[in-house]
Amino acid sequence: METLLQQLLNGLVVGSVYALVALGYTMVYGILGLINFAHGEVLMVGALTALTVISTLMGIAPDTPPLLLLGVGLLAAMVVCMIVAFLMERLAYRKLRNAPRLAPLITAIGVSFLLQTLAMIVWGRNYHTFPQLISTTPMQPIEGVFINPIQITTIVASAVIMVGLVLLVTRTKLGRAMRATAENHRVASLMGVDVNKIIALTFVLGAALAAVAGVLFASNYGIAHYAMGFMPGLKAFTAAVLGGIGNLGGAMLGGIVLGLVEAVGAGYIEHLTFGFLNSSYQDIFAFVILGIVLIFRPTGLLGERVSDRA
Amino acid sequence: MDQLAEAIPYLGKRNPKAARWLVIIIALVAPIIAMMFGRTWVRILDFALLYMMLALGLNLVVGFAGLLDLGYIAFYAVGAYTWAFLASPHFGVHFPFWAVLPLGAGFAALAGIILGFPVLRLRGDYLAIVTLGFGEIVRIFMNNLNYPVNITNGPQGINALDSMNLFGWDLAKSLTIGDFQIHSLYFYYYFFLACVVGSIIFIQRLQISRVGRAWAAMRDDELAAKAIGINTRNLKLLAFSLGATFGGVAGGLFGSFQGFVSPESFSLMESIAVLTMVVFGGMGNIAGAVIGALILTALPEILRNIAVPVQETLFGHVILDPEVLRMLLLSLAMILMMLLRPGGLIPAHARYSRPELVGKGVRT
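Chains as they are written, first to last, in this note's numbering: chain Z, 1340 to 1649; chain X, 927 to 1290.
Heads up, none of these hints are tricks.
A few chain X residues that face chain Z, going by a derived Cβ cut-off under 8 Å, partial list only:
# : residue
1 : L994
2 : R1047
3 : G1059
4 : E1062
5 : N1070
6 : P1074
7 : L1246
8 : M1264
Hints listed in this document are in silico derivations from the structure and should not be mistaken for laboratory results. All residues carry an ideal CB built from backbone N, CA and C; glycine is no exception.
With the hints as extra help, turn the sequences into a complete structure.
As structure tokens, then:
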């Protein structure tokens, strides 16, 4: 029982990070019908930028309070990620908006590997220790179940951001313009929406979320390196599909569900397969879920749109 | 071959016959010239031929049938590991060449069908991600199946694979006639070359066959293809399994050529590299796949030999190591090609039954 609770808790933490990244995928997909393969790398850029900024600051002013450090690092990460996403959209994707479907996808793969390579040049191949500015001392709210402050922060921060995003999309003028663009570019532009601006903004917004996710992810695991974005990116994509791609609520739900399934699955796989498979197969869950969802319910849990476009 | 000859600037259009001979001569003397620069270059040419086979196979799936497969390297892995299981001291079995290679191809084809079945209904981007997942699953299993029963020997991989032995002639041994020695790398080169030429002929025939035309129809408009009575399900499965077969054969050759296999050789990056070769050369075009594979295998090596010394003299140490340069080159090639020349280096053009009528107001 304690194991199950513990795994559910861990799943919730990872799941909320997936959900943040999945939102970026789903927003871009909703508006462009493009799977921005490079979105996971934005997470990596965010984490590594924060790492650089924080360690520089720590070198200059060692007595800065840790929360301020984290805040500044996060801010820097968000800004850098937004610039990266903006350039990505402007230089690579915009020209391909009306190209045959394979072209933008292949470009996205190229962008993803380009970002990884550039990160490898800037930050090297090594694993870096990410400073754990929020305490990781575990507490025991229930006997045998551990939770630490950074995990709580992750869940709370993700929840707050997601609520904020939903409010932005459903309540503001900008959100309405985004929804209109997703519905139909042409009609939206006839209604006075600057479609190019909205698309760029969507990318930038998604990147900001990915930056937060990156910092939270790295803080949880205490490490950061150039290839760290790939797996969470892929899993977040799975989460987006699981929830119904193009659907904000779906992305959040998908992220949480995927995180839970993965954590519980990893905890029990050894018993289930009589010791043949162990937790090093954890990454398989996401792919298997992705396959099953796409085959049996391609619209995802909450999606209603027929996936004919995909 | 004709496409390749045609692609040569100037000569290709004016004197196709000469161009064709030029291609043949280049293919035959390439290793001899490469040997003058050192043994490594012949080795690189050998690898280029293997990549050509991979690119040809992937081109079948992506270029002809229009199914974006990002897990293609998994089939390569299946072929290589088949070789490792059946012809190495790992399990202590040593099957002959002519048994292992078809088996590897068969297993790869089977893997292609296994992957093909569930993804039949998926299109475009979804298909790409699921195939990517398939490739990763295969890699994860290769990495972890050393416990509780040691099957793949985990991340260390399997060593000391048997070399190729054609009718009692071991390709891995250099031949000495008098005081003249022919290095074994030459044998590999000509053997791989024969394999590639065989593949090209096969694929060329395939492209203009009923199947090839049906693939093109399916790629251009699946719904319309279905409407005119094309069985898209079987064609997709055929594309996956045939493409996989090429991967399996190339994998087997790779395993025995290199002498060891490990999961590291079958990472996603390799899938992407092969895809880049196809995209760079020109999707749906045999010559494109061949040229793309040649350029993108050779160029990083050339860069390695130029960039490292240049950086050392300029900065005193190496800033961009060759592996980084290769990734940089591949990713930029992919992005820039899509933006500037989506058809690739040698764009595939539509085939017409009566080319002389094209552009004269007669619909063919």
